[in-house]
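Note that the protein sequences, when read in sequence, are chains D and Y. Residue numbers for the first sequence follow this note's numbering, so the first one is 1 and each next one is one higher. Residue numbers for the second sequence follow this note's numbering, so the first one is 1 and each next one is one higher.
These are computed hints drawn from the structure, not numbers from a lab. Among these hints, one or two may not hold up.
[To be verified] Derived DSBU-like pairs (lysine-lysine); straight-line CA-CA distance at most 35 Å:
(1) D:167 <-> Y:186
(2) D:184 <-> Y:186
(3) D:177 <-> D:315
(4) D:209 <-> Y:186
(5) Y:186 <-> D:14
[Claimed, not checked] Chain Y is faced by these chain D residues, among others (derived, beta-carbon under 7 Å):
(6) 73
(7) 79
(8) 89
(9) 98
Just so it is clear, the structure is predicted and the values come from calculations on it, not from any experiment. Even for Gly, the Cβ is constructed at its ideal location relative to N, Cα and C.
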Amino acid sequence: MADIRLRNVSKRWKHAVAVDRLNLDIADQEFMVLLGPSGCGKTTTMRMIAGLEDVTDGEIWFGNRMVNRLEPKDRDISMVFQSYGLYPTMSVYENIRFPLRVRGVARELHHQQVMRAAEMVELVDFLDRRPAALSGGQRQRVALGRAIVRQPHVFLMDEPLSNLDAKLRVSTRAQIKHLQYTLKTTTIYVTHDQIEAMTLADRVVVMNKGVVQQVGTPTDIYDTPANTFVASFIGSPAMNLVHGEIAGGMFSAERIRIAGLPTAIAGPVTLGFRAEDVTLVDGAAELETEIYALELLGDSCMIAARAGGELVSVKAPKDYRALIGAAVRVAIAPRFCHLFDRATGARIAAGS
Amino acid sequence: MKEERVPVAFRRPLPLAVACNAFVILWLLVAAFPFLWTVWGSFKVEGDFFSRRSFWDAVFGIKTIVQTGHPFTLDGYRGAWVVNALWRPVINTAIVTTCVTVISLTFGTLGGYALARSGHRYALWLLIAALVFRAMPHITLVSGYLLPFFELNLWGILPTAIIVLVAINQPFTLWMLHSFFLGIPKDLDESAMIDGCSRLRAFQLVVIPVMWPGVVTTGLFSFLLAYNDFAVTSMLLSQDNQTMVPRIASFLGSIEQTGKVMYAVAAVVSATVPLFILVMFFQRQIVSGLTAGAVKG
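Excised from the complex, chain D in its bound form (with noise of 0.2 Å):
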């Protein structure tokens, strides 16, 4: 009975909507991630979820409780701050076994639970460290640690890795991940990385200006971007975007003809494919254009190339190698290709 409910949820300051009424189903343990750029109101809804902000409207529902004016306290919570949030004077084990002494768990089971935690986040050596002595890593763990110590209703993560090196955040990310799998908690986790949200999520909610543009699994919001904002924010490189016009099945802009599009539309559009989508061919290809960088990524080659009066990126293999300038053709299977209108954004139809 651990699942969330937002029903219709804003939160307004005087001159700025930083969430528009969201409305937000997430199952008993489900791993939902809220995406987005900075701004977007990610980190507010968590907020608000966490009883850190009040909701201006709306109503947060936990199982059959409403909790909009319960404080943090008694929403029975758990959560991973950014920054940590560690208690400077308290050792490790002290920062780990924190809420159970705050919240009158039975003393003696302490050590048992702290000790759990800390091997689930391989802290067991570090117990009598302050969070001073150690690295931004360790710290990140024990950040962890002192949310797994308890079985709370739900785990919130506001950007968890994003103080992390590179390196270390991929191998933190699985950590998590395993982390989630074996204690199933409902957990909601706050990224405007998404690559972190595809690997992390079972499901995912991209938010840009307060409002959720699509909610879905991560194949979902890869595979059929709602809008060509989702389009242009999943994906590395993301999806190509290149406007012009439709009629008869046939999409034109500068340097790009593609046939066996839906017949039904017509008039301007956006039309958008993915870079690993396409081919390089010989002979007549539906994109004829000129190399304008060419970047080699070690298991492939990413060219960009100019269609539409955009910069489109194009996937080809390893081994190829060309100069900037040379001509290029490719392949783009009407398949692959996704309409979105031209004035609202909103994806129209895929091209199948």
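Since the structure of chain D is provided, determine the placement of chain Y on it from the hints.
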């Protein structure tokens, strides 16, 4: 030589090094001399320490030997402590300073924390108003209160002096603790509240331990203000309830009676002892509190 370990960039030419060290030594002498001189002189008789003939009298204690048969005498201390019962103002001072420090810190930590965490703009105006009151000479408060205190029959007792001293001291403690609290990341309170604390409990269990150097430093300044105060205590306390500083002043004021000035000198030296003990005892916290780098997550 250790000197060679200093990196080239920080090495000083010899004349500059000599000049720097000489200046520091000179400064130390100038700063410490009056105090050392007073300590030395407190063991002499008035004829030596206040000799008009030569200051060497105070060094060699000629009259002291004549009067007491020994170059050092405890007459001053005996006069102050035994004859004039200095212990009574000492107890009064202890009561006043302890109460002022405890009350100021209680209001200061709670108020400073509230102001530091408040999102409202009036928090700043409150602090600025406090600063204005702090800037006023202490005597303005006293002169304003004197008549009402007489009429309400509150004059002369310790609680009155304590309240006025707290009022004078509070703006300062509020400012100082406020800035310390600003240095403590909000995440700390928030994680404590998520972990199961109420706001007050988070303050008590998490924020105050981190704040401790700041509290100690502010407490020391509050203590010193109450301890060294003359204007308030001399005007508001009756003869029986006097604290140490006004009592010392009254010793100094009665020069018509030979020897009484030496009571003042002995009392002055006695009065500085607790300060030394205090500073040494809290030295580490004071240093880290003053450098304020102590509060990092």
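A quick look at each hint next to the structure:
no. : hint            : result
1   : D:167 <-> Y:186 : 29 Å, holds
2   : D:184 <-> Y:186 : 30 Å, holds
3   : D:177 <-> D:315 : 30 Å, holds
4   : D:209 <-> Y:186 : 25 Å, holds
5   : Y:186 <-> D:14  : 22 Å, holds
6   : 73              : 5 Å, holds
7   : 79              : 5 Å, holds
8   : 89              : 4 Å, holds
9   : 98              : 5 Å, holds
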